[in-house]
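Participant: As you go down the protein sequences, you meet chains A and B in turn. Mapping of the first sequence onto this note's numbering: position 357 corresponds to residue 357, and the numbering continues sequentially without gaps. Each number in this note's numbering comes from the position in the second sequence (counting from 1) with 448 added on.
Because the hints were derived from the structure by calculation, they are not lab data. Be careful, since some hints might not be right.
What the hints assert, rightly or not - Capping the alpha-carbon separation at 30 angstroms, the derived lysine-lysine pairs in BS3-like fashion look like this:
#: 1; chain 1: B; residue 1: Lys812; chain 2: A; residue 2: Lys187
#: 2; chain 1: B; residue 1: Lys635; chain 2: A; residue 2: Lys56
#: 3; chain 1: A; residue 1: Lys187; chain 2: B; residue 2: Lys635
#: 4; chain 1: A; residue 1: Lys364; chain 2: A; residue 2: Lys305
#: 5; chain 1: B; residue 1: Lys753; chain 2: A; residue 2: Lys364
#: 6; chain 1: B; residue 1: Lys504; chain 2: B; residue 2: Lys812
#: 7; chain 1: B; residue 1: Lys812; chain 2: A; residue 2: Lys305
#: 8; chain 1: B; residue 1: Lys707; chain 2: A; residue 2: Lys56
#: 9; chain 1: A; residue 1: Lys305; chain 2: B; residue 2: Lys707
#: 10; chain 1: A; residue 1: Lys363; chain 2: B; residue 2: Lys812
Said to hold, decoys possible - Between beta-carbon pairs, the in silico distance windows are:
#: 11; chain 1: B; residue 1: Lys743; chain 2: A; residue 2: Pro251; range: 30 to 40 angstroms
#: 12; chain 1: B; residue 1: Asp465; chain 2: A; residue 2: Ser94; range: 38 to 48 angstroms
#: 13; chain 1: B; residue 1: Ala835; chain 2: A; residue 2: Leu254; range: 36 to 46 angstroms
#: 14; chain 1: A; residue 1: Gly435; chain 2: B; residue 2: Glu722; range: 27 to 37 angstroms
#: 15; chain 1: A; residue 1: Lys104; chain 2: B; residue 2: Pro544; range: 32 to 42 angstroms
No residue lacks a Cβ here, since even glycine has one placed at the ideal position from N, Cα and C.
Protein chains: 2
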Amino acid sequence: MTSELPGQIRPLERMDDLVALCARRGFIFPSSEIYGGINGFWDYGPLGVELKNNLKAAWWQEVVRERDDVEGIDSSIICHPRTWEASGHVEHFSDPMVDCRACKKRFRADQLADAGPCPSREGTSEHDWTEPRRFNLMLQTRIGASEDAAAVAYLRAETCQPIFNDFRRVREVARQQIPFGIAQIGKAFRNEINPRNFTFRSREFEQAELEFFCRETERDRWFDHWLGERLRFHRELGLGPDHLRTRPHAPEELAHYCKRAMDIEFRFPFGWQEIEGIHDRGDWDLSRHSEFSGKDLGVTDPETKEHYVPVVIETSVGIDRSCLALLCHAYREEALEGGEARTVLRLHPRLAPIKVAVLPLSKKLAEPARRLERELRRRWNAFYDDAGNIGRRYRRQDEVGTPFCVTYDFDSETDGRVTVRERDSMQQERIALDGVAAWLTDRLGPGA
Amino acid sequence: MTSELPGQIRPLERMDDLVALCARRGFIFPSSEIYGGINGFWDYGPLGVELKNNLKAAWWQEVVRERDDVEGIDSSIICHPRTWEASGHVEHFSDPMVDCRACKKRFRADQLADAGPCPSREGTSEHDWTEPRRFNLMLQTRIGASEDAAAVAYLRAETCQPIFNDFRRVREVARQQIPFGIAQIGKAFRNEINPRNFTFRSREFEQAELEFFCRETERDRWFDHWLGERLRFHRELGLGPDHLRTRPHAPEELAHYCKRAMDIEFRFPFGWQEIEGIHDRGDWDLSRHSEFSGKDLGVTDPETKEHYVPVVIETSVGIDRSCLALLCHAYREEALEGGEARTVLRLHPRLAPIKVAVLPLSKKLAEPARRLERELRRRWNAFYDDAGNIGRRYRRQDEVGTPFCVTYDFDSETDGRVTVRERDSMQQERIALDGVAAWLTDRLGPGA
C-alpha cells in the first residue's frame, strides 16, 4: 500500500486477508484450535460474539419485536424424529456419494470433476468409482437409556421445522389470526461433505428464520412484502447495491413443494453466493405434519368459517453467512497521507463490537480516562487502551470497526474537554467531557 | 380462592399450576407436542423466549459487557473429541445402570429404591437385575463423509470446556493479563436417564458459564468475589432471601480436581435445588488440555517472569433452571375485593416478556390506541389487546407478568390523558398521553 496515493482504497480481494484479521483480532477462529481444529466448526471470539449478537438482536428487533403479527419462539435443537420424516429430510436430504476403490476416499458424485487426481494414482485423474449411494446430511444421535429402545434422533437440519411443529400451540396462545408469522434464531447442523469458504459453508451454523402463514390468495403480496423487508434490512446494515442482488430460482431449481423462490446474494471475494432465501413453500409443511402427526393443523376463517391449510412464505437467513458478508464488505485498506496505510472495518455502528474506545494520551492520565470508560461501559460496549502511540491505537480500533474513539489528553485536565474521532472520516472534534455520553447517544442510541 | 379474604396471597405450591400456566400462555411447552413430545426436551414460546433472552442479556451485560476483565465467546457445540478425553468426560461422565431381566427396562443403580415395582411382576417390587454397567451421558454423533474414517464426536456436555480450548487464543487477541475471565452462554446436552421436574432436569439445556483465571494465591479472594456477585445477581432479579441459600460442598462431594465448591440453591416446590455452582477447579482443566493437546497453556508473569498454570474459578448457572426459579418465585394467587382472584407473575420489569400493554376501553378507540402501541413498540416489547372487558384484560396481563398497562378511554379523546396501572399494587394513575414514553423510561430504562 505504501506506494499508493493517499485516499486510495482497496476492498477485500483475498479471503485470506479477512481470515487472518479475524483470527488475529479474535472475531472468528477454528473450533478446538489447540487440537488442530475440526473441519467445518468455528468459534466466535470476544469481538465476533458481539458482532453476531448485534446482528441477531437487529433481526429480532425488526422481524419480531416491532411487529404485532410475528411471534418468536426458541425450540429445542433435538426434536421428535417423526418431524424429519414428515419434512422429507430422512428420505431426501442427501447427496449422492461415490467411493474411490483405490484411495478409499469418498466424493460427491455431482462434483467428480472437482475431485482431482486420485492420490493413489498420482499424476493421473483416474478413479475406479463405486456406484453412487445416498449419504444423508443430517447429524444423528441416540437418546434414552435403554439400548433396545434407544431412539435415533437428529440434530435439526433447519430451524423452520420445529416452527411447524409448534404452529398450532403458538397460534392459540398468542391468539393470532391468519396472516401471522413465527420466527426463531438458532443453531442447525448439516454434515457437509466439503465445508469451505471460511464460515460460509460449515457443519454447525446459525439461522434466523421466519415462517409467515397466509391465505393462498395473498401469497404473492406477502412474498413481495417480505422480500422487500429483507432487502431493506441488509441494505440498512450497510451491504451496498453493487454487492447485493436477487436471483429468482428457475422452475427446474425449485423444490417440488416450492411455488416460488428468490435468493438474496452477496458478492463475496469467492463469487456471488446466497445469504438469504425467500420461499413460497405452499401448504406442504403444515399438510405433511398434519398427515404424520394425525393432528389437524388447518385453521378456520373467522368470517366464512371455511377450514383451510395456510400457505407459508419463508425468509431464511444464515447468521454466519450474513456476518461474513458484513465483514467482507466492511473491510478496506486505505492509503493515508505520509505513506501510511490502515485497515478499517466500516461496520454499521449498530453492529460494531466495540462502540467507543477511550484512549488517554499518556498512561499518566489513566485515572480520569478509566473513569470515563467505566461510565460509558454501563451503556455501550466500551474499550480502554493506553498502550502504544495514539496513531497505533487508532489503527487498532479502525481494524475492528470501532466507530468512535475518545482521547483524553493533558489539556483535558484543565479545559474539561476531550477529542472525539470518527472512524471513517477520521475527523476529530473537541467536546466537553461531560457531554460525551450525550454526543454518543445522538450517534448510537441510548444503549443498554 | 373465592372463600379467602381480600389481600390473601398464595404462593406456588404445586408445579402443575405453573406447568399449566406456561403451556396455556406460551412460556414453555413440550418440544414436538404434536408428535407426543420427546422426553427431556422443551420449547420456549413467544413469552418464554423473551423471558429467557432478557435473563441472558442481563447476565451478559453484568458478567461480560460491564467488566473489562471478562471476555465473551461463542464456541461451537460440537468440538474436537479429544476435548472430552482431556476433560475426563469420555472416561468418567457416566451413571451406573442396571437392566431388569424381566421387564428389560434400565435403571440407575444408585436410584433403585425409586424404581418401584417391576411392571412385569406387578404387585411386587422384585427385580432380577443385571450387574451395574457405566452408561455415558454425553450425546454422540458422527461427522465426516467416509464411513471408515467417520469421527465420533460429542455434543458438548458443558459450555466451559471449549473455553479452556480457546484460553490461549482469547488471552492473546484480547491482550489480557491474569486475572481475567472468559464467558459464554449456550446449549449443552446430557442424556439424562430420568428427565424430571419440568425444565429443571432436561436433556438439552442452556448454560451461562464464566471461567475466571487467577493466581493460586488469589483463588479464595476471587471465589468470594464471584460468589458475592452471583448472589447479588439473583437477588436483584427478584429471588427472595427465604428462597435462596448457599450450600458448600462437603469434602467427599468434591470432584477430585475441585478445591472448593458452593451451590446456590433455590427453594422450588419440589425442594431446595441447585441453580448455580461456584467452583474452584484449580489448574486441572488447563493442565489436562496442555497435556492432551501438547500446547503450553501456561502464562508468564510479566514482572517475575515466572511461568505458571493459572487456577480457575468457575461460575456456572443453568439458564433454564434460573428461568424456572424466577417463574416459581414470581407466581402467586391473590384474593381480591369482591370475591375475585387473580394469578400474577411478579417478574422483575427487566425480565418481563411484555413491558407494557395498551388497552383501549372500547374497540371504537382502536385507532389512537394502536398508534400509541406502535410508538411504544419501537422501544419496548409492547402488546395490544382490545378483546373482552377491561378487568379480564388486566388479569391476562397480570398472569404473564406485564408490569404496566395503559388504558385509553373515551375521556382520553378530549383530555389527552390515559390511565397507567402498575401490576403489583394495581394502583392507577392518570398521565398525559404524550408523557407515556417518558413515564415508562423512568421505570424501564430507555429500551431498544
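Participant: Hints first: check each against the structure and report whether it holds.
Facilitator: Against the structure, the hints:
1. Pair hint lysine 812 of chain B plus lysine 187 of chain A does not hold up; C-alpha atoms about 44 angstroms apart against a cutoff of 30 angstroms.
2. As the CA atoms of lysine 635 of chain B and lysine 56 of chain A are separated by approximately 17 angstroms, the hinted pair is consistent with the 30 angstroms bound.
3. Taking the CA atoms of lysine 187 of chain A and lysine 635 of chain B, the gap is near 9 angstroms; set against the 30 angstroms cutoff, the hint holds.
4. Restraint check for lysine 364 of chain A and lysine 305 of chain A: the C-alpha separation of about 76 angstroms exceeds 30 angstroms, so the hint is violated.
5. Between the alpha carbons of lysine 753 of chain B and lysine 364 of chain A the distance comes to roughly 25 angstroms, so the proposed pair stays at or under 30 angstroms and holds.
6. Restraint check for lysine 504 of chain B and lysine 812 of chain B: the C-alpha separation of about 40 angstroms exceeds 30 angstroms, so the hint is violated.
7. With a C-alpha separation of about 25 angstroms, the suggested pair lysine 812 of chain B and lysine 305 of chain A falls inside the 30 angstroms cut-off, and the hint holds.
8. Note on lysine 707 of chain B and lysine 56 of chain A: the hinted pairing is violated, with a Cα-Cα distance of about 39 angstroms set against a maximum of 30 angstroms.
9. For the suggested pair lysine 305 of chain A and lysine 707 of chain B, the alpha carbons sit about 67 angstroms apart, so the restraint of at most 30 angstroms is broken.
10. For the suggested pair lysine 363 of chain A and lysine 812 of chain B, the alpha carbons sit about 65 angstroms apart, so the restraint of at most 30 angstroms is broken.
11. One distance hint, 30 to 40 angstroms for the beta-carbon pair lysine 743 of chain B and proline 251 of chain A, is violated here, with the actual separation near 53 angstroms.
12. Remark: the range hint 38 to 48 angstroms for aspartate 465 of chain B to serine 94 of chain A is upheld by a beta-carbon distance near 46 angstroms.
13. For alanine 835 of chain B and leucine 254 of chain A, the hinted distance range of 36 to 46 angstroms is satisfied, since their beta carbons lie about 40 angstroms from each other.
14. For glycine 435 of chain A paired with glutamate 722 of chain B, a C-beta distance near 47 angstroms fails the hint of 27 to 37 angstroms.
15. Take lysine 104 of chain A and proline 544 of chain B: their Cβ atoms lie about 40 angstroms apart, and the range 32 to 42 angstroms holds.
Hint compliance for this structure: hints 1, 4, 6, 8, 9, 10, 11 and 14 are not met, and every other hint is.
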